[in-house]
Amino acid sequence: MTLLQMYLLFVKLGAFTFGGGYAMIPLFQTELVNNYHFMTNAQFANFVALAQVTPGPVGLNAATYVGYQCGVQNIGGMFGGAIGGVVGTLGVMTPSLILVTLIAYFIQVFKENAIVKAVLSGIRPATLGLIAAAVIFFAETSVFTAPLRNLWTSGQTFGISWQGGLIFALVLFVEWKWKLNLIYVLIASAILSYFLYQI
Amino acid sequence: MKNPAKRNGRENRLWTLFQVFFKISAVSVGGGLTMLPLMDREFVEKRNWMSESDMVDVVAIVQSVPGIIAVNMAILIGQRTAGLAGALVASLGVVIPPVVVIVVIAALLFQLSGNATADHIFTGVRAAVSALILLSVIKMSKSILKGPIPIVIALVGFLLLVVFDVDAVGLIVASAFAGVLIAGIRRLRKKTLASCAEEEKGK
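Just so you know, the protein sequences line up as chains A and B, in that order.
To convert, note that position 163 of the first sequence is 163 in the numbering used here; the numbers rise steadily by one, no gaps.
To convert, take the position in the second sequence, counting from 1, and add 199; that gives the numbering used here.
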């Protein structure tokens, strides 16, 4: 894939990411894993987990990371990678730069427009569905022992891994109750899983 | 320049915008609306560049346009406080820290899988991440799932993605159309109801 194609791919992803954060996961997964094979499902999931403990939003981090790989392929070396990273990042920002700047000038019109409201009334709940699908995407490779997708045709049996299930339940409980800083929760679960998977 | 003092003030403002967004971006992990309280403190409370209601507008708008929320927020706040140059400077400030960090990570760490110990740790972290996302789904559903129609849209979207593996972009486009269609039907129904009521009155 050339740098231009990669740039355009991230322009497209930037244009269809609504609600930010977790909602972009199924979108990015479709393009980066299924369509363009930049990484495997597990690698993508690992990257998203890693991006949670680095500065910046996951979508931006993914654009920089994939851009870096693409730059290494096309130009070569760390320098080429850095250029690719900047190109990917600019790609995912391009729709925002155009749209938000325009909207900023017509803020009142935009806020009260009936069509905008109608479009969002459809997109908002769909975004929630996307985020819920992201839960499954992560659970498939950690909490469950087989992917839910095409389960009846793949012939695999569905089960729950006790280590994954335990961490899932612990994090759910702890965050629900005390709302701790996400970084600490993720670092603690990394340490915990190091020991659990040795048993 | 006619007014050097004014020009100087504007340059200062741009530099401040860059610094503040750079700082907030470097310390706020995960991005998005987690940055909101920090921005509120910097621009509304400390500097008085924006009013509280401006901030409410910003929150409403960054969530209703596509793109990355942190970037949208920087563009919008930058534009409202220092025009187009402000938008560019603020968005630059917000993206530089994550880009540098990810480039360094990508350069040092070529493989995201392959090592058995690392794979095990990542598996546990993925389980933790799925719990965190589930919590945000629960939190968001309280404000989004009002009434049967949003529930149906969210459920259908979820099932299409998980069971049938449909394209997420297609789903977003389809849901936008569904929103317009439903709003149109509601309007029509209101109109016919109103005209029916008038006929009743006429009798």
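Hint data in this document are derived by calculation from the structure and do not stem from the laboratory.
Careful, some of the hints might be misleading.
[As the list claims (entries may be wrong)] Cut-off 30 angstroms, straight-line C-alpha distance, at most; resulting in silico cross-link-like pairs (DSS-like, lysine-lysine):
| # | chain 1 | residue 1 | chain 2 | residue 2 |
| --- | --- | --- | --- | --- |
| 1 | B | Lys222 | A | Lys117 |
| 2 | B | Lys390 | A | Lys179 |
| 3 | B | Lys245 | A | Lys117 |
| 4 | A | Lys177 | B | Lys389 |
| 5 | B | Lys245 | A | Lys12 |
| 6 | B | Lys400 | A | Lys111 |
| 7 | A | Lys179 | B | Lys389 |
| 8 | A | Lys177 | B | Lys345 |
[To be verified] For each label pair, taking beta carbons as the anchor points, the in silico distance ranges come out as:
| # | chain 1 | residue 1 | chain 2 | residue 2 | range |
| --- | --- | --- | --- | --- | --- |
| 9 | B | Ile381 | A | Phe195 | 17 to 25 angstroms |
| 10 | A | Ile75 | B | Val372 | 14 to 22 angstroms |
| 11 | A | Ile160 | B | Leu291 | 42 to 50 angstroms |
| 12 | B | Leu334 | A | Thr40 | 25 to 33 angstroms |
| 13 | A | Gln156 | B | Thr391 | 50 to 58 angstroms |
| 14 | B | Asn211 | A | Asn181 | 46 to 54 angstroms |
[Unchecked claim] To be clear about the criterion: a stretch of chain A counts as covered by chain B if any three or more of its residues have a C-beta under 8 angstroms from a C-beta of chain B, and this derived list gives those stretches:
| # | region |
| --- | --- |
| 15 | 1-9 |
| 16 | 16-23 |
| 17 | 54-60 |
| 18 | 64-76 |
| 19 | 87-99 |
| 20 | 185-196 |
Keep in mind the model is a prediction, meaning the values are calculated, not measured.
Note that the Cβ used here is the ideal one computed from N, Cα and C, for glycine as well.
Worksheet item: Which hint numbers does the structure go against, in order from smallest to largest?
Response: Of the numbered hints given earlier, those the structure breaks are 1, 2, 3, 4, 5, 6, 7, 9, 10, 14 and 15, listed in rising order.
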